[in-house]
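*Asks:* Each protein sequence line maps, in turn, to chains C and G. Residue numbers for the first sequence follow this note's numbering, so the first one is -16 and each next one is one higher. Residue numbers for the second sequence follow this note's numbering, so the first one is 1131 and each next one is one higher.
A few of these clues could be false.
Unchecked claim - Below, in silico cross-link-like pairs of lysine-lysine (BS3-like), each with a Cα-Cα straight-line distance of 30 Å or less:
(1) C/Lys286 to G/Lys1529
(2) G/Lys1208 to G/Lys1529
(3) G/Lys1514 to C/Lys287
(4) C/Lys207 to C/Lys175
No lab work stands behind these hints, which were simulated from the structure alone. Treat the numbers as computed from the prediction; the structure is a model and nothing was measured.
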Amino acid sequence: MSLSIHDIAILGVGTSKKFGEQFDKGVDDLLFEAGFEAIDDAGIKPEQIEAGWVGIAYPFTGLSGAAMADPLKIYDIPITHVENYCCSGMDAFRNACLAVASGMYDMVMACGVEKITDQGGRGLPGLNVGHTVLMRGITAPSAFGLAFARHNREFGLTKEDLAHVAVKNHYNGAAHPRAHFRREVTLEQVMKAPIISGPLGLLDCCPISDGAAAVVVTRKDIAKKYRDDFVMVRALGLSVYTNQLPFDPEFDYLAWRPTVKAAEMAYQQAGIENPLQEIDLAECHDCFTITEILNIEDLGFCKKGEGGKFVREGRANIDGDVAINPSGGLKCFGHPIGATGCRMIWEVTRQLQGRAEGRQREGAKIGLAHNLGGLGGVVCGVTILSSDDKHK
Amino acid sequence: MVGIKSYGAYIPKLRLNRELIAKGWDIPGAPGTIAVANYDEDSLTMGVEAAADCLIGFDPAEVGGVFFASTSAPYAEKSAATLIATVLDTKPDIYTVDFANSLRASTQALGAALDAAQVGKAENIIVTSGETRVAEPISTWEQTLGDGAGAVMVGSGEGVIAEYLGSLSIKDEIIYTWRRSEKDHMVREFNPRVAQSFGYQKHMVAGIKAAMEKFDLTPDKVARAVYSAPDFRSHGGVAKRCGFDPASGQVQDALFAFVGGTGTAQPLMMLAGALQSGLKEGDIILLAHYADGVDVLVFRATAALEKLPSRRAISGFLASQIPLESFARFLRYRGIAEVPMPEDTGTPVQMWRDSREVYSLHGSKCNQCGLVRFPMERVCSRCKSRDDFTEIPLTRKGKVFTYIHDNLYVNAEMPTTLAVVDLEGGGRVFLMMTDRKVDEVDIGMEVELTFRKIHEGNHYNNYFWKCRPVR
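Please model the entire structure based on the sequences and the hints provided.
*Replies:* Okay, structure coming up:
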């Protein structure tokens, strides 16, 4: 039997009960909650899992496949620790899909977890690793925020444009029982929040969150035996650029190149020609509001330079042309680094099944999950999922 | 002919109004300002700046020696001169020497450099001296001491701008000011009046007079008397007793008004000021410096002085300034108020392996497509040619491509300005920006690179480059 990624189905999904500051829970607690929820959602037994991939970005969260084996007590099977910055979770999912598509396994699990609040300090820890002096001073918000001055110069992007992203995502996330924040914010609150980096105020930045997510992946023909509303994989794009971003004289800071490339791959795999018309919703990497603006452009939902206008005009709202971050996104739902990719898959899957826990995009058939990693866009995964019958 | 071939100086951009010190402690304040090394500067980085200023119009490959003099060198056990030479990107086979433990280290270094040039041991020796001395709070030294650096290049031949005529030294054992090794962070003194009268004034006057006699000079034949002093008042007393006329401009400004007493660096800074002030061929320059004795060196300006390309030296750096408006920051920068900082990490192995990039600022230029990259890359990121590049020194100036002011990075100065800079002649670098006002930063602004201390991870100084608005 010759298989392709279009034969791959998502059978079950789960996350930790909450995303956010979970001081009372350890890494294993989070993965326990997410992993068994996915197993139960799939209607399988843990011993049916033949292989696993666990996305973790930080060594302090966990190392090796045992990070997944221990909380679930699934021993003696191949499990791989996947690290690809903030895109670790989505890359874990991609590897799980490819393994089933290879014909080697029938039933596998991808998961991701991060436990950041056990560490002290401000912002994300450990950004100084790599070189002794190069890149000193960089922070996550400044790495992305460096794009603002260029975008402002070229296209007139404003701080208020950014604020609209936060307002939209908090509106969505406020309705989500698992979100880090369960409150809406006003444009004025976002505009007046204390400045973190450049134009980015506190409410332009995603929080430091703990959380986990897991996905059970199988073949379409097997999925049919378990449930009717399984979700199909249509594309698995992943593109890696450079760690030397601010030293690259050819980088223009107007587009996240890995997003552009991963989207090209994904649209080609899924046969999507007009993303805006064909895609109903997108979980889109919004670690900072500026990141989402560029991503919306780079994913082809609007022309370059029009991302701010696109959000401002409500076209990215839950009932807009394409619902961007119906979950609330990283901004409001939270961003446990290694977990985020799988968390996006979880949200898109449930949206396509019509069982979103937060705001439901009505009639969603095709959904996209976009996961960007690295200081200013180094790695990007774009996954496209579908509930569409023609792929079942 | 042996003598001075070039000069340079450096004055930190930050200036603290003495009134701020006075207000801080509710004590009387003197007029004027002191120059304050920024949080990322030390005697070594300032020594680099003065040496770079001195090298204007010269190729670093011509430099045959680097001598560094300071009582505030960053290391008690490790050469600063060698690192400075590496940052200046000199050839490897040069003579590097560190002079320390006496405020006279600078004139000792200058004397040694002149001797070395005279006997042909080395040619084009840069003598650079940077100083950051710390005064006790509320002491008179607090309003007196300032930070800065001065440099000269010593050599022989056509390019000599001030011919060396000779020198004279007198020793003077006296406990005037001191810092015990590894015990004293701040300058100590016992009875300044005894030391001023019987130490400084007595020996400075005696030294100058003896030198005039030795070199057959009368006061009117000295075009410029460049003599240092521990403090402003002491400086004033010497002129009359030597027969100099301060009103005529014969006495070189000791820089107390706006810079402060820069210790070891002071004579070289004053000498740079003198050489910058329009002296003519044949003018006699008498350089004298006191600390536990006096060194007097006599020079005669040559026709080459007027041909030397202009540089910032004293007048240029003096004019370029930012007021340091916080006394608390001054206390922090001097290490008096210690603020806990998150621990950073560093590995000397990496600094050693990457020293041509990190210190000398070398990049790669692709032999196939010409792309210039920093750090160097073995595979061209544009045309993918493999191990086919030329290692080149990058220019130390450029334009801001984009920037951001960041409040998240824990730094002694907030916000931290980060800039992506396109260097003139190719290469892009990501750097922190220092010595800037937040609202002057913009895309396209011209910046120059400046060598600074980035952090102290693993208990050594991790130096690298930053950028700053052109001074």
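*Asks:* Straight-line Cα separation of lysine 1208 of chain G and lysine 1529 of chain G no greater than 30 Å?
*Replies:* Violated - the C-alpha atoms of lysine 1529 of chain G and lysine 1208 of chain G are around 35 Å apart, more than 30 Å.
*Asks:* Taking 30 Å as the top limit, are the C-alpha atoms of lysine 1514 of chain G and lysine 287 of chain C close enough?
*Replies:* Measuring from Cα to Cα gives roughly 28 Å; hence the hint holds.
*Asks:* Keeping to a limit of 30 Å between CA atoms, is the pair of lysine 286 of chain C and lysine 1529 of chain G held or broken?
*Replies:* Judged against 30 Å, a Cα distance of about 29 Å means the pair holds.
*Asks:* Take the C-alpha atoms of lysine 207 of chain C and lysine 175 of chain C, compute the straight-line distance between them, and say whether it is at most 30 Å.
*Replies:* violated, 51 Å
The structure is inconsistent with the numbered hints 2, 4, although it conforms to all the rest.
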